[in-house]
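Colleague: In case you want the letters, here they are:
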Amino acid sequence: MTPGTLSATADAYRRPLSLGNPLLDLQPIAMVTAITSLIVVAVASPGWALQSAVSVLFVVIAFLAGRGRSYLATILKLWVAVGFLLFALRALLVKGQDVLVPLGPIAVTREGIQDGLVFTTAVMAICGGVTLFFAIVSMRRLTLALERVGMSPRATYVVLASFQSITDLGETARVVLAAQKARGIETEGNVLVRARAFFPVLAPVFITAMSATEERAIALDARAFNSPNRHTSVVLLRPWSAGDTVVVVVALVLMVAVVLGRVVGWF
Amino acid sequence: MASSGFTRFMQGYGRLTIFMIPIGVAINFVGGQIALLLKLPVYLDSIGTILVGATCGSLPGALVGLLSNAINSITSPPTFAFAVLNVAFGLLAGYFGRLGVFRVWWKTLLSSLAFAFIGGFCGALITIWVFGGLAVGGGALVVGALRALGMDLTAANFAAQLPMDVLDKVPTVLIVYAIIKGIPRRLLVKLPLGWVYLGQRKSGTAKQVPADASRA
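First to last, the sequence lines map onto chains A and B.
In this text, residue positions in the first sequence follow this note's numbering: the first is 1, and each later residue adds one.
In this text, residue positions in the second sequence follow this note's numbering: the first is 1001, and each later residue adds one.
This is chain B alone, in the form it adopts within the complex:
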C-alpha cells in the first residue's frame, strides 16, 4: 500500500529529493516576496523551480513548478493557467543541470535566454489562447497601452512579455548559480545531480540518506 505511484515515481531520486521539493516551492515564494519588498521591477518567482531542477533533476523541478503555481492560485486563480510554464522551467533546468550548464557562469547566463523564451514566448501564447490576449497583471496594462497605440494584439503580447522575461530570468539564473556554488559538498553528494557539481562522472544514483530499510 505504501508503495503507491508517487513513491515509485520518486524512487530514482534518492531520499532527500522529497524534502527538497517543499523548499523549492518556498524559495519560489520568498524570492518573489523579497523582490516585491525591495521594489525590484522583476518577479524572481522561479528560483526554486530552476534550483531544484538543476540539483535534483527534471521531474522534481517540474513538481516544484506545478505546486508553486497551484499554491499561488489560492490568492490569484488565473495564475494556474501559467503553471505549464513553471513546469517547463523545471524540466529544462533538469536537462541543463545534467549537461553541466550551471557549473559555468557564462553558460548559466546563456541559459537564461532559453528560460526567458519559454516564459515570454509561451507565456504570451497562453495569454492569447486562454485569455484571448488580455490577461491580468502589470503586463496587461502594457499590452493595453501598446494596443491603443495601434499595435496588433498578438504582437503587443510578445512585445510586452519577451523583454520582461529576459529581465527576470537573468538575475534568476545568476542566483541559482550562486546558490549552487554555496551548497556544502556534504549536501551536494546526496543530491541526485550533485555529481555534476562535484566534478565527478555519474556514479550510480544519489547516496541514500538515511539508510534505506523500507525498500528491501
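Same shape as in the complex, but just chain A:
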C-alpha cells in the first residue's frame, strides 16, 4: 500500500460512513420511528384504501432507497403466500347475509369480502413495514446508533450475535448432517427413521455451540468488552441532521393526526 492510498483509507474511517443514498444515510433511529409511525397509521386507519396507500408508500420508499427490486419481490411473495390466504379464508368463512357465491356448507358473502379486505390490507401494511425495516435499516448501524444514545453494549451484542449465530450454527448443522449421512445414519425413509436422525445431528452441534460461549466470553473480555467506559467503534455514524428531524416530525404528526382523527371521529 502506497502512503497515498494508506492515508486515503485512514481518512475514510475518520469521516462518517455513507452508504451513498440519502435515504439509507438517515439516522437509523429516525428510520425506525418513521416506519413504526406509518405502521400505526395503517392499523389505525378505518378502511382498506388508506391501508393500501401506506403499503404503496413503503414500496416507493424502498425504491427511493435503491432496494426496490428485492423489496418488491419479497412483498409480492408475502401477498401471495399470506395476504391471499388470509383474504380467501375470510371471504369463504365469515358468515353474512348477502350471499354472493354459495359453495355447499360455506359461502362467499359480501360481508366476508369486506372483512377480508380490511383485515388483509391491515396485516399486509404491517408486513410491508417490517419487511421495509429489514430492507433499508442496517442492523449494525441501528445497534451502533442505539449504543450512542446509551443502550448497553451487552444488549446490542445479544441482538447482533443472534443473527450471526443463526448463520454459523445453520452452516455447522448442515455440515454435521452430511457427515452423519456419510457415516450411515439414515435421513430418508419413514417418519420414525428420519426423526431418529435428528438427535445425532443436532445434539453435538448444540453442545459444541454452548461450550464455545466460554471461549467467546474470554475473547471479548480480552478486548475490554466489559469495560465500563464508552466503547469505540471503527465506523462513525453521521450526526443527527435537519433531514432526520423532518422525517421524524412528519411521521409523528401523521400518526397523531390519524389516531386522533379515529378517536375524535373525523372518519
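No lab work stands behind these hints, which were simulated from the structure alone.
Accuracy of the hints is not assured; some may be wrong.
[As the list claims (entries may be wrong)] Think about it this way: if two alpha-carbon atoms lie no more than 16 Å apart in a straight line, the pair counts; the simulated EDC-like pairs of lysine to aspartate or glutamate are: (1) K95/A to E111/A; (2) K95/A to D115/A; (3) K1190/B to E188/A; (4) K1190/B to E214/A; (5) K95/A to D1152/B; (6) K1039/B to D115/A; (7) K1039/B to E186/A.
With chain A's structure known, arrange chain B on it following the hints.
Modeller: Chain B in isolation, oriented as in the chain A frame:
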C-alpha cells in the same frame, strides 16, 4: 453509563448467560430448519428457548423466545403475534428447571404437556383474538377443513392446534433433556441453573467467567 437497565437486569445471571442467549436463538432456528430438511411433521423451533430457560433461568429463556420470534417475523411478520407463547415457554422452562424437572426423563416427558398446553391452547386463543380464528400456516388449512365439515370456528382451532403441539413438544423436551445430559460439567458449573444438574444445593450465584473487574 455502561450500567444501564439491561446490564443490571442481566447481572444476577452471571457473565455466560449473555453469550447463551444468541446460541439459544440460533438453536431455535436451526432446530426448525433441520426439522424441515428431514421433512418431519413438527416445528421443533422452541428447543433453544426451553434449553436456555432450563439452564440459565426464566428471564434469559423468555428473552430467547422474544428475540427468536422477532427475527422470525423478518420473513413472516404474522409470527410476531405469537411471540408471547415463546416468551411463556422460556418463563416456564426456567421455573421447571429450578424445580429439577429436566433432571429426570419422565418428569421431562410430563413437562411437554404443560408446554403443549401453552402452545396449543394459548396459541389457539391468539389465533382467535388476533386473527379472528383464521391465521396463516399449515394449521389454518386444517382449521378451514374442519370448519367446512361444520365444526365451530373456536372448536376447530383448538382441535387443530392442541394435538399438533403435543406432537411438537414431546420431541422438543426430549432433545433438551439429551442436550443437558451432554453438557460438560465444567460448563454446567458456570451456568446460573447448573447446580440443579450437578446435584448440588444452590451455592450462591453462578461462577463468574471471566473474573469480574468492572463491577467493583
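Colleague: Look at each hint and say if it fits the structure.
Modeller: Results of checking the hints against the structure:
Simply put, K95/A and E111/A have alpha-carbon atoms about 7 Å apart, close enough for the 16 Å limit, and the pair holds. Pair hint K95/A plus D115/A holds up; C-alpha atoms about 10 Å apart against a cutoff of 16 Å. Of the supplied pair hints, the one linking K1190/B and E188/A is violated, its CA atoms being roughly 39 Å apart against a limit of 16 Å. Of the pairs offered as hints, the one joining K1190/B and E214/A holds, with about 9 Å between alpha carbons and a cut-off of 16 Å not exceeded.
For the hint pairing K95/A with D1152/B, the CA-to-CA distance comes to about 12 Å; that is within 16 Å, so the pair holds. Straight-line distance between C-alpha atoms of K1039/B and D115/A comes to about 35 Å, which puts the hinted pair past the 16 Å bound. Proximity of K1039/B to E186/A is assessed by CA-CA distance (about 13 Å); at most 16 Å being required, the pair is judged to hold.
The structure shown violates the earlier hints numbered 3, 6.
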